[in-house]
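Q: Below are the chains, spelled out letter by letter.
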Amino acid sequence: MSENDFFALAPLLLLSGSAVLIMLLIVAKLSHRIIQISSLFLFFISFLSLFYIQKILPYNVGTLLVVDGFGVFIVGLVIFSGLVVNILSYIYFEEKEEGPREYYVLLFLCTLGASVLALSQHFVSLFLGLEILTVGLYALIAYLRGRNHSIEAGIKYLVLAAFSSAFLLFGMALIYLETGTMVFLQMIPESTKSLSPLFYAGLGMMLVGVGFKLAVVPFHMWTADVYQGAPAPVTAFIATASKGGVLAVLFRFFIAIDGFKFSSVMFVLACIAAASMIFGNLLALRQRNLKRILAYSSVAHMGYLLVAFVPGSLMSLQAVCFYLFAYFATTLAAFGVVILMSGKNDDAEDIDEYRALFWRHPGQACMLSFAMLSLAGIPLTAGFTGKFYILATAVQSGYWPLAVILALSSVIGLFYYLRVITAMFAGNSNSVPEVKEKHVFFFRAGMLALSVLAAMIIWLGIYPEDVISFIRLIAF
Amino acid sequence: MDIAFYITAAVTLISTVMVITRHNPVHALLYLVISLLSLAMIFFLLGAAFAALLEIIIYAGAIMVLFIFVIMLLNLGEETAAQEKKWLKASVWTGPAIMAGILLFEFYYLISSSDAVLYNEPNIGPRPVALSLFREYLIGVELAAMLLMAAVVGAAHIGRHKKVVLHRFLKEKEMS
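Chains as they are written, first to last, in our numbering: chain A, 1 to 476; chain B, 477 to 652.
There's no promise every hint is true.
Among chain B residues calculated to face chain A with C-beta under 10 Å, some are [as the list claims (entries may be wrong)]:
hint	residue
1	I518
2	F519
3	E612
4	E618
5	A627
6	A632
Pulled from the structure, derived: some chain A residues nowhere near chain B, Cβ distances all over 12 Å [as the list claims (entries may be wrong)]:
hint	residue
7	L13
8	R33
9	F41
10	L48
11	L64
12	R101
13	F108
14	Y138
15	V404
16	A449
17	S469
Everything labelled a hint here was simulated from the structure, so no lab data went into it. No residue lacks a Cβ here, since even glycine has one placed at the ideal position from N, Cα and C.
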């Protein structure tokens, strides 16, 4: 490893070093507050280091990792999501019965795993990154281990994720058998028309493994239960960072093997996208639990992202980057409100708990409304611009059926997003008097983070040119 | 030597099925040892003698000993202690013993005959493995360290006990 290698890997090294450092702080028996603030500081440094390494991009670190503009953008999103989750975690875990300290170590490790995924160009780093992420998530999901829902969600995730990892590994083994290499760029199939059966089988099994992690439709069974059972900050992390990392590595793999030219593979992906959009939105219709609504809505949103993915043009990379940015900001804002609303014993899940929220907490109600409008894709929010970008990508390459399904399923989606909003504004204004917040500093910090996210949603909706030109600059 | 492969593969499959169908964890462990040993045998047949040795040392050796320690330390109580005495029944150990015997016989036959391996790949020793691990895949090794750290921290949190639990040997000593 040369000096430049260390320089290019600075974000990953900082993240793993932070995990070790936080563990040492835990050994020193420091308070939750000190550990929270220092981990916030370390997340911030890791985020800043991404700007510092800009000048040497793109850079290959050995054969395992590649640090390029696209990867750094996704790593930036992942670390940002970790940062926001970290800010909001103090209030959530301070009240709970479990000691919250190991949580921060695991959060750093999960962020590291997702970042490795986004930068990997080799099966070894793909699998290791995915496993770091998943093993960390097993413990995070079951973190409140005295609660039945958490344990159930943890076991469910453990079994299904291990199963999907087995599929992924077997797929990798088949592709390795066929091509004799594990580097993405060296496994370009020779014939341009069709693939060998072994390669097809391997690719199919890898898609099963990746599909589980992304929770697209035939593999979405775990989503709602895990989202509901996991602590709300962890749910926010699963919904954003873990899916972003996996989608990035899927994109990198398909670009490297030029998989977009094989119509049968793309047909399967298009079917998965259509099914995710339709079923995700339909399943969310009857839910009364906000976390489950967001779970099914994330299934639908992964479908939208696959619509941008399928054409495989230069524009689809930009559309995926932009939509991921919008989706991260929106989802973090929505879960942020859920975290701030949650009490000592239960998460604020039921939609009835949000009744007349506007008259009690106008700030939080506004932010949740922005997030819901953006998820629904109402103009002047980030979600609208993102969907517009995706539609433009699909239509430009002639994928009309997907575009039509996207538009129609968004209409279905409007119903349940708007139901959350109507619940918040319903009811009488002279309801429960304001309860004093206990952790004023961290509550204000959380509200500040949420306001920044809400401002981002609006900014991306009204004036997206800056971000779009930035994405064009870094993605090739 | 095709027949040797099929025999070993059959032993692997049968023992693995037995692992997941046993009710008693220690019985399952006996079959798991056989399953790992026969996997090592398959590696040996493919001409990867070093991989076969690693399989035996790491899986059948270190990890199995860890498993057995964990099961001992789990402190399962009086009824399991009584059960331990019944474990040396013939019906429990004949199955694994027969399969281990098959593998041993096969191994003896293969090393005494000249055409031992299916493929004549260049023999890869410890040196190239170590070099590729700590040069080309150095980042992979470091990432595996982080993976283990995540697993250990997670397991330590999930498995933490608040109250003090004494091992049954210590309890008996206290009572007497």
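Q: Decide, hint by hint, whether the structure agrees.
A: Evaluated hints:
1. Annotation: interface hint on I518(B) violated; nearest CB of chain A at approximately 14 Å, more than 10 Å.
2. For the restraint placing F519(B) at the interface with chain A, the shortest Cβ-Cβ distance is roughly 14 Å, beyond the 10 Å limit, so the hint is violated.
3. Given the 10 Å rule on beta carbons, the hint for E612(B) holds: about 6 Å separates it from the nearest Cβ of chain A.
4. Contact between E618(B) and chain A, as hinted, is supported at the beta carbon level, the nearest pair being about 8 Å apart and thus within 10 Å.
5. For A627(B), the shortest C-beta to C-beta distance to chain A is roughly 5 Å, which falls under 10 Å, so the interface hint holds.
6. About 7 Å separates the beta-carbon of A632(B) from the nearest beta-carbon of chain A, less than 10 Å, and the hint is met.
7. Once the 12 Å rule is applied to beta carbons, L13(A) is inconsistent with being away from chain B; the minimum gap is 9 Å.
8. Every CB of chain B is more than 12 Å from the CB of R33(A) (nearest about 20 Å), matching its label as outside the interface.
9. The claim that F41(A) lies off the interface holds: its Cβ sits roughly 20 Å from the closest Cβ of chain B, which is beyond the 12 Å cut-off.
10. With a cut of 12 Å on Cβ distances, L48(A) stays outside the contact zone with chain B, its closest approach being about 21 Å.
11. Its closest Cβ contact with chain B, about 5 Å, brings L64(A) to no more than 12 Å, contrary to its assignment away from the interface.
12. Distance check for R101(A) against chain B: the nearest CB is about 9 Å away, which does not clear 12 Å, and the non-interface claim fails.
13. Not every CB of chain B lies more than 12 Å from the CB of F108(A), the least distance being 9 Å, so the non-interface label is violated.
14. With a least beta-carbon separation of about 6 Å from chain B, Y138(A) fails to lie farther than 12 Å from that chain, contradicting its non-interface assignment.
15. In this structure V404(A) is separated from chain B by more than 12 Å, as the shortest Cβ-Cβ distance comes to about 43 Å.
16. At roughly 26 Å, the least C-beta separation between A449(A) and chain B is larger than 12 Å, which holds for a residue marked as non-interface.
17. The beta carbon of S469(A) sits about 33 Å from the closest Cβ of chain B, which is more than 12 Å, so the claim that it is off the interface holds.
Violation of the numbered hints given earlier is confined to hints 1, 2, 7, 11, 12, 13 and 14; the remaining hints are satisfied by the structure.
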